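Student: Single-letter residue listing:
There are 2 protein chains.
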Amino acid sequence: MTTTNSDLPHPDEAEITLDAVLFALSDPARLEIVAQLAEGPLEMARCHLGDPEVPKSTKSHLMKVLREAGVIRNVAQGRGRLLSLRRDELDRRFPGLIGAVLAAQAGPGTG
Amino acid sequence: MTTTNSDLPHPDEAEITLDAVLFALSDPARLEIVAQLAEGPLEMARCHLGDPEVPKSTKSHLMKVLREAGVIRNVAQGRGRLLSLRRDELDRRFPGLIGAVLAAQAGPGTG
DNA sequence: CCAATGGTTCGAAGATTGTGGAACCTTATA
DNA sequence: TATAAGGTTCCACAATCTTCGAACCATTGG
Numbered sequence: 002m003t004t005t006n007s008d009l010p011h012p013d014e015a016e017i018t019l020d021a022v023l024f025a026l027s028d029p030a031r032l033e034i035v036a037q038l039a040e041g042p043l044e045m046a047r048c049h050l051g052d053p054e055v056p057k058s059t060k061s062h063l064m065k066v067l068r069e070a071g072v073i074r075n076v077a078q079g080r081g082r083l084l085s086l087r088r089d090e091l092d093r094r095f096p097g098l099i100g101a102v103l104a105a106q107a108g109p110g111t112g
Numbered sequence: 002m003t004t005t006n007s008d009l010p011h012p013d014e015a016e017i018t019l020d021a022v023l024f025a026l027s028d029p030a031r032l033e034i035v036a037q038l039a040e041g042p043l044e045m046a047r048c049h050l051g052d053p054e055v056p057k058s059t060k061s062h063l064m065k066v067l068r069e070a071g072v073i074r075n076v077a078q079g080r081g082r083l084l085s086l087r088r089d090e091l092d093r094r095f096p097g098l099i100g101a102v103l104a105a106q107a108g109p110g111t112g
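So the sequence lines, in the order shown, correspond to chains V and H.
For the first sequence, my numbering gives the first residue as 2, with consecutive numbering after it.
For the second sequence, my numbering gives the first residue as 2, with consecutive numbering after it.
Don't read these hints as lab results, they were simulated from the structure.
Just to be clear, a hint being listed does not mean it is correct.
All copies of an identical chain are treated as equivalent in the list; a pair is satisfied when it fits inside any one copy or across any two copies.
[To be verified] Here are the simulated SDA-like pairs of lysine to any residue, each with C-alpha atoms no more than 20 Å apart in a straight line:
no. : residue 1 : residue 2
1   : Lys65     : Pro10
2   : Lys57     : Glu14
3   : Lys65     : Gly97
4   : Lys57     : Ala104
5   : Lys65     : Phe24
6   : Lys60     : Pro109
7   : Lys57     : Leu83
8   : Lys60     : Asp13
9   : Lys65     : Glu90
10  : Lys65     : Asp20
11  : Lys60     : Leu50
12  : Lys57     : Asp92
13  : Lys60     : Gly79
14  : Lys57     : Asp20
15  : Lys57     : Arg80
16  : Lys57     : Pro96
17  : Lys60     : Gly97
18  : Lys60     : Leu38
19  : Lys65     : Arg93
Note that this is a predicted model, so its numbers are computed, not measured.
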């Protein structure tokens, strides 16, 4: 099999709330993950955080918060997981939001 | 005197962080306040929340979180306080962010 | 079948936030 | 000066979030 079962719950596009999305993005580690996924889907094992010492349970939890907020998708692939940003859906629901957040996080300098 | 002392601390524009702003906006009550202030400065006593029963200490705390994140300004005026959105500064620092958030909160319908 | 890889889930402890009463401060008004 | 209006601050308590080890689950490869 190429695709598998063992699926995690994801909110429908219509169920995604602004509050949950903003909260999910209000953490440096989670924002960093989102920035990486903005460049394309990534296997979880290839998604590195600032601190490389973070336990897998913690990393998994970060993904859970993002997933339950509707920010990312997390599907089984082989023995690992493929992560992706739900960009199209987020853009439809909250136009410009993700773009502004990513731009802000990319250049937080003095100007 | 028209202006008074008794000033509360506000972060400089350069000190405003994305994380803190997103967190401040990730709460329905605070977002509602921001939406009201987006239409112009408002005396705190004239700024009403969904629940009219909320104690003043709680209301004051909501304002504190927004102020310390750099989202709003809170200055003494007469015996009350004048609240205002730091729109220009936020727009310079995080272009498009506040606009996207306000638009999202204005129309969270099914589309 | 067995072991290894890659992640999720559970549970407990610690840290952060939210809530609201009481006390206090400032300004306006009588 | 007294009194009231409008808010902030302090404090304790409740609720939520974070962190991470341990146990467990699924897939791949011997």
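Student: Now tell me, hint by hint, if it's right for this structure.
Tutor: Okay, the hints, checked on the actual structure:
When the C-alpha separation of Lys65 and Pro10 is checked against a cutoff of 20 Å, the pair qualifies only within one copy, where the shortest distance is 10 Å, while the shortest distance between copies is 36 Å. Taking identical chains as interchangeable, the C-alpha atoms of Lys57 and Glu14 are never at most 20 Å apart, the minima being 28 Å within one chain and 37 Å between chains. When the C-alpha separation of Lys65 and Gly97 is checked against a cutoff of 20 Å, the pair qualifies neither within a copy, at 24 Å, nor between copies, at 27 Å. Taking CA atoms no more than 20 Å apart as the test, Lys57 paired with Ala104 passes in neither setting, with 28 Å inside one copy and 37 Å between copies.
Both within a single protomer and between protomers do Lys65 and Phe24 lie at most 20 Å apart by alpha-carbon distance, with minima of 13 Å and 18 Å respectively. Taking identical chains as interchangeable, the C-alpha atoms of Lys60 and Pro109 are never at most 20 Å apart, the minima being 24 Å within one chain and 30 Å between chains. In this homomeric assembly, Lys57 and Leu83 come within 20 Å of each other (Cα to Cα) only inside a single copy, at 15 Å, whereas the closest approach across copies is 47 Å. Neither within a single protomer nor between protomers do Lys60 and Asp13 lie at most 20 Å apart by alpha-carbon distance, with minima of 23 Å and 33 Å respectively.
In this assembly of identical chains, Lys65 and Glu90 lie within 20 Å of each other by CA distance solely inside one copy; the values are 18 Å within and 33 Å between copies. Taking CA atoms no more than 20 Å apart as the test, Lys65 paired with Asp20 passes in both settings, with 16 Å inside one copy and 19 Å between copies. In this homomeric assembly, Lys60 and Leu50 come within 20 Å of each other (Cα to Cα) only inside a single copy, at 9 Å, whereas the closest approach across copies is 37 Å. In this homomeric assembly, Lys57 and Asp92 never come within 20 Å of each other (Cα to Cα): the closest approach is 30 Å inside a single copy and 37 Å across copies.
Taking CA atoms no more than 20 Å apart as the test, Lys60 paired with Gly79 passes inside one copy only; the shortest distance there is 19 Å, against 50 Å between copies. With identical chains, the CA atoms of Lys57 and Asp20 are never at most 20 Å apart, being 26 Å at best within one copy and 23 Å at best between copies. Within a single copy, Lys57 and Arg80 get their C-alpha atoms as close as 15 Å, which meets the 20 Å cut-off; across copies the closest is 53 Å, which misses it. When the C-alpha separation of Lys57 and Pro96 is checked against a cutoff of 20 Å, the pair qualifies neither within a copy, at 33 Å, nor between copies, at 35 Å.
In this assembly of identical chains, the alpha carbons of Lys60 and Gly97 never lie at most 20 Å apart, being 27 Å within a copy and 30 Å across copies at closest. Taking the closest pair of Cα atoms, Lys60 and Leu38 come within 20 Å of each other only inside a single copy of the chain (15 Å); across copies the shortest separation is 37 Å, beyond that limit. Taking identical chains as interchangeable, the C-alpha atoms of Lys65 and Arg93 are never at most 20 Å apart, the minima being 22 Å within one chain and 32 Å between chains.
Hints 2, 3, 4, 6, 8, 12, 14, 16, 17, 19 from the earlier list are contradicted by this structure; the remaining hints agree with it.
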